[in-house]
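Q: The opening residue of the sequence shown carries number 0 in numbering that gives the first Met the number 0; numbering runs sequentially from there.
A few of these clues could be false.
[As the list claims (entries may be wrong)] Cβ pair distances, simulated, as ranges:
{"hint": "1", "residue 1": "R93", "residue 2": "V118", "range": "20 to 26 angstroms"}
{"hint": "2", "residue 1": "L128", "residue 2": "F46", "range": "19 to 25 angstroms"}
{"hint": "3", "residue 1": "R68", "residue 2": "R145", "range": "44 to 50 angstroms"}
{"hint": "4", "residue 1": "V24", "residue 2": "T126", "range": "55 to 61 angstroms"}
{"hint": "5", "residue 1": "R93", "residue 2": "G140", "range": "23 to 29 angstroms"}
{"hint": "6", "residue 1": "R65", "residue 2": "A29", "range": "20 to 26 angstroms"}
{"hint": "7", "residue 1": "E122", "residue 2": "R145", "range": "33 to 39 angstroms"}
{"hint": "8", "residue 1": "F141", "residue 2": "E90", "range": "46 to 52 angstroms"}
{"hint": "9", "residue 1": "N103", "residue 2": "A48", "range": "28 to 34 angstroms"}
{"hint": "10", "residue 1": "R120", "residue 2": "V75", "range": "30 to 36 angstroms"}
It should be emphasised that the hints constitute simulated quantities derived from the structure, not laboratory data.
In this text, all values refer to a predicted model and were calculated from it rather than measured experimentally.
We put the CB at the ideal spot given by N, CA and C, even for glycine.
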Amino acid sequence: MKVPPFASLLAALGAAAFAHELDVVPSIAAPAVVLRCTYAGRDPVSFAAVQVYAPASSQAEFQTGRTDRHGVFSFVPDEPGSWRVVVDDEEGHRRDVSVTVPSNLAASGVAAPPQGPPVARWERAITGLALMAGATGVLYGFKARRGS
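Assemble the whole structure, with the sequences as input and the hints as a guide.
A: This is the structure we're talking about:
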């Protein structure tokens with residue numbers, strides 16, 4: 000079977016688009032809702048525009064803002080229900096999520112503490128290599144001092 004050249008191109012572009020998917024992971028840390036926004040590669044979605052809509056009104060924005068450099072955004076809901084949150088990095092990635100806020104949010108305490116900023120795999124690899132190189136340098140320094 001003969002495959003048209005543009006079909007291969009479309010398949011490649013589709014895979015590339017999937018690799019840059021926008022993920023939004025909500026967590027509740029009373030009294031706030033914390034959103035951690037990352038790309039599929041776990042890189043943070045820095046300074047993305049965020050709009051929050053209350054359960055009672057799907058037209059008027061409850062709060063607007065931007066994620067920080069770690070891709071984190073938080074808001075304090077004033078009523079329970081299903082809140083709509085739209086995250087847009089203004090580069091073609093947009094995610095619309097629903098966050099359910101329980102009625103006892105203020106009394107529930109911290110459900111799960113937010114984790115530190117996500118670290119990309121390449122950053123961890125470079126850090127590991129730098130630590131190994133540094134330890135090797137220290138060992139060679141002690142060895143050279145003993146030899147002289």
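Q: Which numbered hints does this structure break?
A: 2, 4, 5
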